[in-house]
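Colleague: Next come the chains, spelled out residue by residue.
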Amino acid sequence: MVDQSAVGHRFTPVTARVEPGRLRYFLNTLGEKNPVYRDEKAARAAGCAGLPVPPTYLFCLEMMDAENPFEMLTALNIDLGRVLHGEQSFVYRAPVVVGDTLTFEPRVVSVTDKKGGAMTLIVIECKVTNQNGVHVADTSRTVVVRNQVAS
Amino acid sequence: MSAGYKPAVGDRIVDKTFPPISRHTLALYCGASGDHNPIHVDIDFAKRSGFPDVFTHGMLVMGYLGQALTDAVPPTRLRAFSTRFVAITQLGARLTCEGTVTELFTEAGERRARLALTTKDERGEVKLEGGAVIAL
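As they're listed, the protein sequences go chains A and B. Counting with the numbering used here, you get residues 1 to 151 for the letters of the first sequence. Counting with the numbering used here, you get residues 1 to 136 for the letters of the second sequence.
Just chain A, same shape as in the assembly:
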């Protein structure tokens, strides 16, 4: 079971490029037709410096370009079949547009046992900066681990 020793653990930073083709695949998968994401003119009219990314796409970029997207689970010895996503948040500090190169720096900020140890909640926060060193976002995810309960 994951314990308090995981708190403060930093994972390998991830560098991800916002590529137009991969983004289009995401937009098509979600049936996203909003021209602001597809047409430079519409994006500029909405006040964007380039084509923006959808609100949850930062989460995807971090996973897509990670050397090992499940490093957290491997490092903490957690079985992939036992995890659920509990919570997710994004704070947007500066625009992210197609062509940017982002760096993600995830770290464990808390580990909490719930329901007498039947579940463990792990909170991972991540600072996101762009190619100019601008702090563009902060993300936070809560991973729920369903622990094996001895019967």
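Quick caveat, the hints were computed from the structure, so don't treat them as lab data. Take these hints with a grain of salt, some might be off.
What the hints assert, rightly or not - As a list, the in silico BS3-like pairs of lysine-lysine whose alpha-carbon atoms are at most 27 Å apart:
no., chain 1, residue 1, chain 2, residue 2
1, A, 114, B, 47
2, A, 33, B, 120
3, B, 6, A, 33
4, A, 41, B, 6
Guided by the hints, dock chain B onto chain A, whose structure is given.
Modeller: Structure of chain B alone, referenced to chain A:
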């Protein structure tokens, strides 16, 4: 939401329903998102993990909610977006995303609104509960 529009507390500015979630959508999202956890696409793995079938990525559901949100508010005005994943979203779910203004305030030198967001399936079961902060 056009410039100059002044929402009031209680206004429902986000409201969108999506087509039912298919296995094909889950397979595409697996590739499109980089989340290759087999629990969402491989029924054998899902069953070994104690689930009756594959189920929807929480982040796909949040992606739909994000889409509903930026249909109403340009992405440049979004300051924060968060959700709690309340229940697993099953295959075939037809999701409706809604958002209501709960507070108007000033922060970091700009007028902002706080929204309460929900995503429910066709039976009204809540899947996601969350919030957003937008600049007006």
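Colleague: All hints are to be evaluated individually against the structure, with a verdict given for each.
Modeller: Hint check:
no.: 1; hint: 114/A <-> 47/B; result: holds, 24 Å
no.: 2; hint: 33/A <-> 120/B; result: holds, 22 Å
no.: 3; hint: 6/B <-> 33/A; result: holds, 26 Å
no.: 4; hint: 41/A <-> 6/B; result: holds, 25 Å
Figure legend: structure checked against the earlier numbered hints; every hint is met.
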